[in-house]
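**Student:** Sequence order for the protein chains is A and B.
Per the numbering used here, the first sequence starts with residue 7, numbered consecutively.
Per the numbering used here, the second sequence starts with residue 30, numbered consecutively.
A hint or two may mislead.
[Unchecked claim] Quick partial rundown of chain A residues pointing at chain B, CB under 10 angstroms, derived from the structure:
#, residue
1, Val36
2, Leu38
3, Phe53
4, Phe58
5, Ala66
6, Arg91
Hints listed in this document are in silico derivations from the structure and should not be mistaken for laboratory results.
Predicted model only: the values in this text are computed from it and were never measured.
We put the CB at the ideal spot given by N, CA and C, even for glycine.
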Amino acid sequence: MATKVPVSDPARDRHQLQTLILAITILSMVLLAVFFAVMFAAWLNQFGFLHFPLGFYLLAQGLLIFIVAAGFWFIRVQERIDLARSESEGLG
Amino acid sequence: MVVPSRLRTPNPHLGAYYGIVTAAFVSLIVVLAMFEQLGWGESLLAQTMMLVPLALFLLIAIGARTTQATDFFASGRRVPAVYNGFVLAAVAVGGVGFLAYIGTLYFLGFDALAIGLGWTFGIFAAGVLFVPYLRKAGSYTVPSFLGHRFRSRSLRMAASAMQLAPTALLLVAELKIAALIAAFFLPVSFSLGVLLIAALIAAFAILGGMRSLTWTGSAEFLVGAVGLAVVVTTIAILLSNAPAPQLTYGAMFPALQNAEITAGITPLNPGEIAAALPGTAPSPAAKPFLQSFGILGSFDFATLFLCLALGTAALPSLLVRSGVTSSLPEQRRSSAWALLFVAAFVITAPAMAVFAKLIIFRDLALAPSSALPGWLAELSANKLLQTGDANGDGTIGAAELFIGRDGVTLALPSAAGLPYVLTVLMGTAALAVALAAAAAHLFTLGASLAEDLYRVLDRHETLPRIVAAWAAIAATALAAVVFLMIADLDPLKTALLAFAFAGATFFPTLLLAIWWPRCTKWGALAALGAGFAMMLIEVLFGGALGLGLTGLTIPLASLIGAVVALGAGVGVSLYISAPSKMVDDYREVMRDPGGDTIYDRAQMRAAATAAATAAAAEAGP
Chain A
7 MATKVPVSDP ARDRHQLQTL ILAITILSMV LLAVFFAVMF AAWLNQFGFL
57 HFPLGFYLLA QGLLIFIVAA GFWFIRVQER IDLARSESEG LG
Chain B
30 MVVPSRLRTP NPHLGAYYGI VTAAFVSLIV VLAMFEQLGW GESLLAQTMM
80 LVPLALFLLI AIGARTTQAT DFFASGRRVP AVYNGFVLAA VAVGGVGFLA
130 YIGTLYFLGF DALAIGLGWT FGIFAAGVLF VPYLRKAGSY TVPSFLGHRF
180 RSRSLRMAAS AMQLAPTALL LVAELKIAAL IAAFFLPVSF SLGVLLIAAL
230 IAAFAILGGM RSLTWTGSAE FLVGAVGLAV VVTTIAILLS NAPAPQLTYG
280 AMFPALQNAE ITAGITPLNP GEIAAALPGT APSPAAKPFL QSFGILGSFD
330 FATLFLCLAL GTAALPSLLV RSGVTSSLPE QRRSSAWALL FVAAFVITAP
380 AMAVFAKLII FRDLALAPSS ALPGWLAELS ANKLLQTGDA NGDGTIGAAE
430 LFIGRDGVTL ALPSAAGLPY VLTVLMGTAA LAVALAAAAA HLFTLGASLA
480 EDLYRVLDRH ETLPRIVAAW AAIAATALAA VVFLMIADLD PLKTALLAFA
530 FAGATFFPTL LLAIWWPRCT KWGALAALGA GFAMMLIEVL FGGALGLGLT
580 GLTIPLASLI GAVVALGAGV GVSLYISAPS KMVDDYREVM RDPGGDTIYD
630 RAQMRAAATA AATAAAAEAG P
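So here's chain A without its partners, still in its complex pose (with noise of 0.2 angstroms):
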């Protein structure tokens, strides 16, 4: 590898730990939202949404609307994230 990469570097760390954080917050969150729906589907079925059992209903495509929902938010926060290390090392 040609390119020198510093030892240490303010801006690089803050942002991967930024995106660190990003990332298991966004996969935690889905993760938990779909272990919820299967634990307590049985439960929420005696309530109805749209014609639809509950648990059903969350299962077959409240969570998936939901994934696409995080994953679209994902690249908006990354790319400010992205942004934001990008213009501090443009004034370093």
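Start from chain A and add chain B according to the hints.
**Tutor:** Relative to chain A, chain B alone:
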């Protein structure tokens, strides 16, 4: 002069081209629907509906032919995000998803939702964890990424060998689905169908590599999406007077439950049925659609979901497309588009299963066995359904109605009383998606064999780079044909095994390679080997170490394998000395979202060095 990928612009007329492709396909459907009313036979309709799109795909592949390495292996790194999303979605769903997933929903109802949820979460996880970093690295295959990341030829070769399991299994599963559709609608036998389909996808992959796969795959996705949308929307209008199947099928649950009770379907408990997943042979539906955890318990549901999620996230055939867009943000967006398209299919699939089950059981529950509905005779003649009044009670019950899992989707238009052209349309849509997926798996396998095994072993490069890839793709296609001639496999279970292999071997390895700075070459090798060994033990001896509850042990074995692999990777990395400065620097550059693609920059440097050496030699002493 080599142009950095972020400065390459896609063809500005792409939207117009694919608009024309979509409009032409819709016109074909309308024209054939008219010709059916004018008296065209089923055989002629089927041949025209299937062969015209196949010819179009071949023409696109010929138009996208190339012998340039960047085009062949990375589609020139100029594919717009939406088009890459099209192809990723088609590969993730595939013919197996199109036919076998909807069929599984018909049989398992609620319990099968784990499959679609797993795929969707897997695409999402790949977009967060792996895709941006693979894009920055820019390696042409996943094994070559691991090789570059750790500066290791042995790791690259090992990863290529272990990639064989998931990609080869998916290749034969998709090839079988495509050949079954071809044999069903066209005047060819299954064996000839396998041969013709394999030749077609090999032609796609050889003519233009990733470039032709991108542009044929986009057309195949559009044909699949239009076919599915037309059929499911038409049936939704017939059943609910509203063209929104995803929103309206919930209102049909009371009618479905009544029909199921009348047909004799009663709630089940996990373990009552020996095989958790339905097989290919026609069988009766035994579980009420809405019953939660009737065949798969909540534990099996969760393990199946996680296994498919990890497998999809780390599937080499999807990750190999991580270098085709012009920039890292564009690659992230393409993952989000793929997520949207896969989610749209997964949301629609239960509606199809509900429509099929409602129509079939409602009509049968009302009819005496002496006066069965006309569609039943039609489907029986097509071998999609088998039925008979076995107990002699004068009616057909659920236990007397045998339907093939992969035939449910194809049976739906006929059962709904729609013209034959819509049955063929459904077949064409499934065939198109299966072709996109099979071609992607074939290319991934062939390209890796050529790039990561042949080129690493043959340092003299006896065969030019592209020729080696052509040979590997052709040999792989031939091997898949021979295998399918000999072996009889279940596409759904084969695909599940492939996802399990990918989840146990590549997920932990990529997670450590990208996210853990302390990971070493030996750690990555240990992770790959441990995950693969766990899956091998499951395949050879079965039983997921005795923990499986309802006979569905492969997903559990995959998860155990992933955890063991993660532990092995961490343990071995910590035991052996820390990574070198060079390996560390590669990781830091890979994690930097700015700058050029690492692989392309290395290629440019190598080209500049070669040019300088040549100039110096020319200047001479």
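**Student:** May I ask which of the numbered hints given earlier this structure violates, with the numbers listed in increasing order?
**Tutor:** 2 and 3
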